[in-house]
Each structure stands twice: as structure tokens, then as C-alpha cells.
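Colleague: Residue-level listing of the chains:
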Amino acid sequence: MTDQGTTLGLSRDEMARRVALDIPDGSYVNLGIGIPELITKFVPEGRELIYHTENGLLGMGPAPEPGQGDPELINAGKRQVTILPGAAYFHHADSFAMIRGGHLDLCVLGALQVASNGDLANWSTGAPDAIPAVGGAMDLVAGVKSIFVVTKHCTKHGEPKLVSACTYPLTGLGIVDRIYTDLAVIEVTPQGFQLVELSPGATYEYVQERTGAPLLPIAEPGGASR
Amino acid sequence: MIDKQVASVAEALAGVLDGATVMIGGFGEAGSPIELIHALIDQGATDLTVVNNNTGSGEVGLAALIQAGRVSKMICSYPRTTNSTVFPKLYRSGRTKLELVPQGTLAERIRAGGAGIPAFYTPTSVGTPLEEGKERRSFDGRDYVLEYGLKADFALLKGLAADRYGNVIYNKTARNFTPLMAMAGATTVVQVASVLPAGELDPEAIVTPGIFVNRVVSVANPAHESVLVAEGVSYP
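Protein chains in written order, with our numbering: chain A, 1 to 226; chain B, 1001 to 1236.
Rather than coming from a laboratory, the hints here were simulated on the basis of the structure.
C-beta atoms are modelled at their ideal positions from N, C-alpha and C, and glycine is treated no differently.
Each hint can be trusted.
Computed spacing ranges between beta-carbons, pair by pair:
no.	chain 1	residue 1	chain 2	residue 2	range
1	B	Thr1082	A	Pro62	14 to 24 Å
2	B	Gly1133	A	Thr125	16 to 26 Å
3	A	Thr167	B	Lys1073	29 to 39 Å
4	B	Ser1008	A	Gly46	54 to 64 Å
Whenever a hint applies, use it, and build me the whole structure from the sequences.
Modeller: Below you can see the structure in the form of C-alpha cells.
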């Protein structure tokens, strides 16, 4: 693995912007903590998305102005939020009926690892002294219609996060549809990881070298593939 | 005449026995019945199994109850939160046990417990470590895990307003688990900022109908956990 990639690849904001481009108008969306939260800033003009938070709100708006919040109006990350016109409050069983019952269109989550069969690990490293905490992650991946993962392509130690099989405890089996990284957009297909798009400056070889499972190249018109 | 209002938080907690299962409403600080939890610390019951999504923060409310050594087991989905230091310490020392439940499964187990459903199948956790030891069954080609309903001896809850019949409305996302726990508690206690004359609550707006509630207690200006934590308060 070479060192030339230190400046290559999208920033966190750019990754969020790239995901936002692919979310259709009118979608009901649940965004995880971290990079997924940034997506709201980059929704293209003219599209209306409705944000769901597990703790009982559809129509979530941005953070309140300092001093204007209510400690009892919070998101799943327990940070204060606001509501938008048309918002609705509901209890936890209704909230997870929306999730488990397949009523939400899209969930965007972070990941520790994604396997080429769509398995996701994002809730625990399995370290013996860690306090296990799962929250709503397993319900979201089991029930929401589409699951996008947005993550750095590799860990800070340079290990691939896209792997042939997850070594961390699983969140769900075969549930990831698309992966947006700093280096590429990748679809999870029955044949494995399918490259969809390269970030500016990235090459197929560069991304494959940093991916822990075979990466199917972008098919070019006319049958040649590369 | 029906009047479920009691005079004090101490009276509201009469009858909580050692070894009881106690559901405590709230998601983080939203909906946390801090005054009832502090009254439970004063009341003295111990060896409790507590059901809550989290484990409290700082040294007030649920965290103070755990700190006081009253909780032998937590049933929750996310025992790690900002400023949550009490539970990790007791968990690592082996003094407080943990049953980790996915959040939606926790909500549905409580709902089922209150609704007369002993168990149900859910797709959540299939193929994960949290499925271990549970029965799996396939419906229409998809696998599901058997989960059991949860009931409690007491449910300690917080609402915005109630009437003497125990009808309750809530404040914003403070609703969360509370209406479910109201159904699952053998004795359901709700603290509210105001007790209104019967007929004042719009029947179309009532979230928890009074049949699920046994005791109502007025706590006019409930504390906010984040404010107490910021002030460095430690209870008692």
C-alpha cells in the first residue's frame, strides 16, 4: 500500500453531499450519527425529505438557536433539535413500527465493517471491557427499505472497512445496499462489491488495493469493462 | 369518586418492594421522572430490575439510583451516553447485570407486556450476537427471533399534564417509551407538571387513557437532568 493517498478522497462534507444527491424527493429518511447527520446540509434545491428520529419524531428540523431549545425535544443522539411544519410526535412502539414495518424509505448509517454479501458491523468492536450498546441500529437495518453506509474507505490504521467477511459482531445480515466512501461509490450486488463511481483522482487499482474483497470494475458501454 | 392524585412523590411510591421490576420512562433526559426516581432512592427499595432505554447521566436521577446500589439488573438498549459514568463502573465490577435489548425490541416487549401478548417474533437481531439463545422461526421465507413481553411491578413516568382520571398528555419527544410503560406496569405512577380539572384535556389529544394509570402526582417544576448535571448536583 502506497502513501500517496493522504490527500486523495472526499472530505466528510463531500461524502455527505455525494449521498444527498442520491436521495429521491419525498423520501422518509433516518440518518445515523456522524457523517450521515451532515447530509441535511446538502439536499439539492427543490427536494423535500422528511427526517425520522427513533425517539418519536417525524419532521425533525435543525438544531435550535443557542438558548432556544427544549431539553425534551431531542434526536436519537440526544441532542436538541427543532421541528418543521407538518411534524408529528409519537411513542416508541409506533416509531419502531415505522422502522420494522418497512415504512421508512432510507437509513444512512456509519460502519465499522461492511462485507461483500451486505453484512454490516457497526455497533460493537467486541472488546472484552467495552460496555455493549446497540440502540436502534439492529431494528433500522432489519426494517428500513434501503440501507446506505457512508464511511471512510479504511480505518485510521489503513485497514480496509470493506471486507469479504466481518470480524466484528454483526448488526444485520445482507442488508447494505450501497456504500459511499471517501474514495468511491460501491453497490452491494449478488456478485459482491460493484464499483459505481470513483472519487476525483482515484483509480480502480487504487480503490481495489484498499478494499478487502474483490471489487467488480465499472462496466463500460460496448461491453469492455474497466 | 375516582381521584388518582396522591399528595406527594413519597406517597406515590408506597409499596415498591425489594426485588421489584421497575420501568422508568424517558429517553436520555427527555421524559425522565427525576423527582420520582429521587423519591425511590429515599424510599429505600433495593435489588431492583430497572427497565429504561439508557442508564442515566451524572449522579442524579437514574444514575443516582444505580450509584446508590439499588439496581441489580438493567434492561436497556444503550447504556453508554454522554456523562454516563456510574453504570459502566458498577457493570465492570459485576455489581449490576445488563440485559442488552435492541431499542425497537425493547419498545415492543414493553408494549406486548401491557397488551396481553406473551411473546412475538421480530426480524431484529437475526444473525447477530443478540440472537443467541433465542428461538428462530421462518415466516414466508424470512427468519425471525422470538422475544418475550415485559411487565413491571411499578412504572415511574413523567407527563406534561393529567387529570384525576389519570389521562395523560406529554411534551414533545418526552413521550418516547412512557405510554408503553404505562400499560405494562402493575402500578403505574405518573408525575405531571399540572393536574387539570376533569374535562380540561381534549379527549382527541389524550395519549395515555386513564385506565392505564394508578397514581398521579403533581411536580410543578420538574428538574432537567442536563441542568442538574451541569450544576454538578449529586443525589441524595
